[in-house]
Amino acid sequence: MKHHLLIGLLTASLTGCAGMGGLDRNTPRAKMLTTTAVGTVSDAPWRWPSPHWWERYRDPELNSLMDRALSLSPDVRLARARLVQATAIAEQAGAQRWPTISADADAVRKRYAQAYDAAPPLAGNFGTTFTLSADVQYTFDFWGGQRAALRAALGETAARDAEVEAARLMLTSRIASAWFELSHLFAMRDLAQQSLELRRQTFQLVEQRVHAGLDTEVERQQAQGDLPVTERDILQLNEQIALQRHALSTLAGLPLDALENARPDLMTAAVDGELPDSIPAELLGHRPDVVAARWRVEAATQHAEVARADFYPNISLRAFAGLARTGLTVGLSDWLTAGSRTYGVAPAISLPIFDAGRLRAQYKNRAAELDAAIETYNSALLNAMRDVADQLVSLDALLPQLNTEKQALAARQVAFNLARRQYESGLTDYLTVLNAQNALLYERREQLTLKKRALVLDAELNRALGGGFSATDATSNILWKKS
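Under this note's numbering, the letters of the sequence shown match residues 1 to 483, in that order.
Since the hints were derived computationally from the structure, they do not count as laboratory data.
Think of the CB as a built atom: it goes at the ideal place given N, C-alpha and C, for glycine as much as any other residue.
Just to be clear, a hint being listed does not mean it is correct.
As the list claims (entries may be wrong) - Each pair of labels, with its calculated beta carbon distance range:
#: 1; residue 1: 408; residue 2: 429; range: 18 to 28 Å
#: 2; residue 1: 98; residue 2: 128; range: 33 to 43 Å
#: 3; residue 1: 231; residue 2: 260; range: 38 to 48 Å
#: 4; residue 1: 52; residue 2: 231; range: 37 to 47 Å
#: 5; residue 1: 414; residue 2: 227; range: 45 to 55 Å
#: 6; residue 1: 55; residue 2: 247; range: 17 to 27 Å
#: 7; residue 1: 80; residue 2: 386; range: 23 to 33 Å
#: 8; residue 1: 227; residue 2: 386; range: 26 to 36 Å
I would like the entire structure built from these sequences, with the hints used as guidance.
Rendered as structure tokens:
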């Protein structure tokens, strides 16, 4: 009879609960981009490639700066705090699936009313009530709502974990680019100081020719005017170096004067100079932003399942057992008698019969969140593809420019040496020397700028690939190929 009653209650609860009629159950409506559609990530478990990718530049100062920045950066600390928060929420969701056990003990002493509160001998006298009980409560997960809530929390935790990597990667790539910019400024200042020395030597040569009557005051004033211009360039570069040091210190979470003695050398930083024949698209699965977006799709999917389960009844069970005794005096022997024992079982069913559309609105909200999460993932995937392809195209185009620039610089150096010797011999005028000198200095500046750009692009490629790329035998799903 009891079993028939329980079945009847369960049937009534299912028929009486708020319905999903009219709701679109084909959740989600949005479609995730597939590997065949965009040539991107594989279904294999991801791992972060080369977490210390900047060490490939073999710059001890840069390595030390990265270590300090990763421990002090507010952005990375914020991402880690959010990960801890998400982990705690997941632990809380997991705890919901287990029974809760509690114990309670109390003692009440009072005077019992003689009229109706109790029978003699308590009536009109003071008595004591002692209670000791244990309580167990458990909510059944027939519809999978608790399991889905746990999966949603775990998905959010995984997304937060990926965002820690994303913050770390963004920070290190920005520091690397800023470090290369500081290196470039120092190299440009060194070049300006070399140019100043070269122009001083040229000015002395012009003065000698003026005294010998071979040149006029015009050439002398022209050569002398180049000196303060170059000195002004050096002062401007000193300012830019100080500002760049401040920017780097702030980016790394350090005091403004922390990098006062930092002196990176651009020419010692190494770029491999060779790109792989192809980049397999599955490496995009190592990008933390793409992985975070994918986990958010999983979390949103499970949130929709939780909203779906809320339409069904909530069935729980409570059981308790303990000891209770009331009397003028209560001793230990009184507690241990059979008459002091108390126990019971209390099943409960909560039926969502009418809620003015709250559950329906909640489900539609979760379904829309899932569609939004999928489109966010699709956008992250497409942007990641473009990011990698752009960096590869730019780097592939720049490497030949470095080789041609070496040739151009060598030619400019030969031309300047010839012009200077001919000028010393009186075979050409000062204007020829000046033009050759300016052309040589221009090519030297171009070489430094191209080297800096190559380093920045190399760092950006490592960022775009989620921390670096490694050799692979993959022959399909090619994201990029050298032309």
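Cross-check of the supplied hints:
no. : hint                    : verdict
1   : 408 <-> 429: 18 to 28 Å : holds, 24 Å
2   : 98 <-> 128: 33 to 43 Å  : holds, 36 Å
3   : 231 <-> 260: 38 to 48 Å : violated, 23 Å
4   : 52 <-> 231: 37 to 47 Å  : holds, 41 Å
5   : 414 <-> 227: 45 to 55 Å : violated, 25 Å
6   : 55 <-> 247: 17 to 27 Å  : holds, 23 Å
7   : 80 <-> 386: 23 to 33 Å  : holds, 29 Å
8   : 227 <-> 386: 26 to 36 Å : violated, 48 Å
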